[in-house]
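Participant: What follows is each chain in one-letter form.
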Amino acid sequence: MLGEPLTRNNVNHDGAPSKMVVEGLSAFYGSKKAVSGVSLGFREHTVTAIIGPSGCGKSTLIRCLNRMHEVVPGTRIEGRVLLDGEDIYRQDRVSVRRRIGMVFQKPNPFPTMSVYDNVAAGLRLNGMRKRAVLDAAVTKGLKQAALWDEVKENVYGPGIGLSGGQQQRLCIARALAIEPEVVLMDEPCSALDPIATAKIEDLIFDLQKTYTVVIVTHNMQQAARVAEYTAFMYLGELIEYDRTEKLFEQPTQKLTENYITGRFG
Amino acid sequence: MKFDRDARRRVFNWIVGVLCFLCVVAALVPLLSILYTAFINGGHVLSLSFLVSKENNVGVCFPGDPASCSVGGIGPALYGTGVVVGLASLMSVPVGVLSGIYLSEYGRNALGRSISFFTDVMTGTPSIVVGLFVYATFVYIARTVVFSALSGAVALAIIMVPTITRTTEEGLRLVPNTLREGAYALGIPRYRAVLQIVLSSGRSIVVTGVVLAVMRAAGEVAPLLVTAFGSSLGFTGVNEPAGLLGPLIFFDATGGSSLLVSAAWGASLVLILLMLGISLLARIALRNRFK
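Sequence order for the protein chains is A and B.
Its first residue numbered 1, the first sequence is counted upward by one per residue in this note's numbering.
Its first residue numbered 266, the second sequence is counted upward by one per residue in this note's numbering.
Please keep in mind that the hints were generated in silico from the structure rather than gathered at the bench.
Mixed in with the good hints, there may be bad ones.
Among the chain B residues that face chain A by a calculated CB cut under 8 Å, a handful are [to be verified]:
hint	residue
1	F277
2	R373
3	T443
4	L444
5	E446
6	G447
7	A450
8	L451
9	P454
10	R457
11	I462
12	S465
13	S466
14	I470
Derived CB-CB ranges, DEER-like [stated by the list, open to error]:
hint	chain 1	residue 1	chain 2	residue 2	range
15	A	R80	B	L545	50 to 60 Å
16	A	D92	B	G351	36 to 46 Å
17	A	G164	B	N442	11 to 21 Å
18	A	D149	B	I543	30 to 40 Å
Glycine residues also receive a C-beta, built at the ideal position from the N, C-alpha and C atoms.
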């Protein structure tokens with residue numbers, strides 16, 4: 001064991017409440033354990049990064065936070081995931097996902113839809129028909145995703161006609177349009193060039209005013225740039241969780257230090 | 266010996282390229298030959314009146330009777346084909362597309378795999394067997410010999426379903442999972458994600474499957490001989506025998522009269538052009554509206 005996990009893992013957010021809390025979470029693919037007894041809380045209106053080497057379970061962990069891992073057959077979890085103190089696994093998963101949005105590794109705009117329809121998709125496919133409501137949500141989503149100025153002339157053009165970075169911001173706009181409370185991002189910049197990455201990072205930093213953001217990244221500089229808190233995972237376990245500067249400058253765990261100094265991973 | 270290896274690679278590349286081209290030519294020759302022969306033998310009878318006028322179901326030219334000396338037309342059969350294939354599509358497209366959706370989206374289990382297997386078997390079933398099955402079923406229900414447009418449509422529908430099912434399944438399986446996940450992450454219920462994201466992304470393959478099935482049904486003869494049978498009036502009611510292009514070509518070509526043989530060639534040409542037209546229309550309709 002790695003010491004006393006609860007004291008180390010549960011960062012007291014300087015007294016601020018956690019929007020989401022993970023309690024003793026283990027996740028399995030069949031008999032393979034991908035996440036092992038993780039406990040931590042995500043502070044409201046804050047960006048939290050999850051870092052760690054490939055295969056450490058960080059993507060699985062973030063997918064457990066809005067029950068997306070259930071899309072893969074043969075998966076199950078132990079433990080609890082609380083949103084505002086209530087277990088999301090005791091609620092309807094479709095409504096949970098409306099409160100906890102997600103942005104994926106590769107931009108995945110709906111290929112048959114225009115920019116407008118992509119952003120409106122979440123509302124429309126949940127039954128919203130009023131044009132004025134959709135218009136307002138699309139404009140707001142695109143503005144929040146810092147894409148509005150680039151696409152306002154052509155919102156009825158194809159979503160897949162945009163550049164990779166614009167497509168990813170379109171996916172962010174799509175996620176924001178349904179007004180979630182939490183936005184999960186699973187390596188959102190890994191398919192993008194440095195300029196597009198910088199834009200998305202600025203955007204992520206701004207999003208915390210309105211949303212609680214959790215971002216998985218394999219890029220430590222990215223975590224340092226955008227996140228107030230950072231969690232380091234290794235082999236499915238949460239090794240260390242702290243304020244980002246503290247974790248990078250004075251890690252308490254040898255594994256964390258080895259990882260951030262580039263000795264492995 | 267670096268040069269030798271490069272030269273060998275280039276020669277090999279050239280040979281494979283030429284072989285591929287020759288295979289394309291070999292595949293196209295019979296196709297073009299059919300089209301050419303149909304044009305040569307049937308082109309001269311084509312006219313607007315050929316498309317709309319009644320069939321010459323005598324085929325023997327009496328000098329005093331100009332109607333008996335004309336090649337006639339295929340109007341009724343064209344109409345019958347439209348109605349019966351249309352009825353068959355009404356029955357088979359919903360069943361085929363929904364089965365395909367089930368197999369691709371929900372059928373990752375023993376039931377799904379066995380349906381897939383039997384669908385493949387159905388695709389390979391000779392159409393005359395389907396025709397006889399439908400014939401026997403209708404006779405069993407009616408307790409008398411029945412030839413009807415409805416039984417013809419049912420037979421064609423049974424022939425169409427497996428093609429539509431399998432192409433829909435294959436088409437939807439090609440839709441990347443990231444799109445499904447993208448939809449689920451927006452809190453979109455699964456059935457809506459399937460119907461409005463997955464189906465819409467894979468629609469070109471689904472439509473291709475439907476078009477293939479329609480084309481196959483429109484050219485069928487054998488199953489219709491024991492179901493819709495034939496009628497010089499085309500379609501006169503679901504419980505009446507119906508005349509379609511396929512059987513018309515068969516009857517006319519074997520009718521032993523040069524007039525009827527010409528009509529058969531003309532009808533073949535019309536059938537080919539019709540299929541070409543349907544294919545083209547489908548392509549135009551499917552053209553991505555953003556391109």
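Participant: Take the hints in turn and mark each one as holding or not.
Facilitator: Verification of the hints:
1. F277: Violated: closest Cβ of chain A sits about 36 Å from B/F277, beyond 8 Å.
2. R373: 7 Å, holds
3. T443: Holds: closest Cβ of chain A sits about 4 Å from B/T443, inside 8 Å.
4. L444: 6 Å, holds
5. E446: 6 Å, holds
6. G447: This interface hint holds because 4 Å falls under the 8 Å limit.
7. A450: With Cβ-Cβ at 4 Å, under 8 Å, it holds.
8. L451: Holds. Min distance 4 Å.
9. P454: 5 Å, holds
10. R457: 5 Å, holds
11. I462: 6 Å, holds
12. S465: This interface hint holds because 5 Å falls under the 8 Å limit.
13. S466: 6 Å, holds
14. I470: With a closest approach of 13 Å, the B/I470 hint is violated.
15. A/R80 <-> B/L545: 50 to 60 Å: With Cβ atoms ~58 Å apart, the hint holds.
16. A/D92 <-> B/G351: 36 to 46 Å: With Cβ atoms ~42 Å apart, the hint holds.
17. A/G164 <-> B/N442: 11 to 21 Å: 19 Å, holds
18. A/D149 <-> B/I543: 30 to 40 Å: Roughly 45 Å apart at Cβ, these two residues miss the hinted range, so it is violated.
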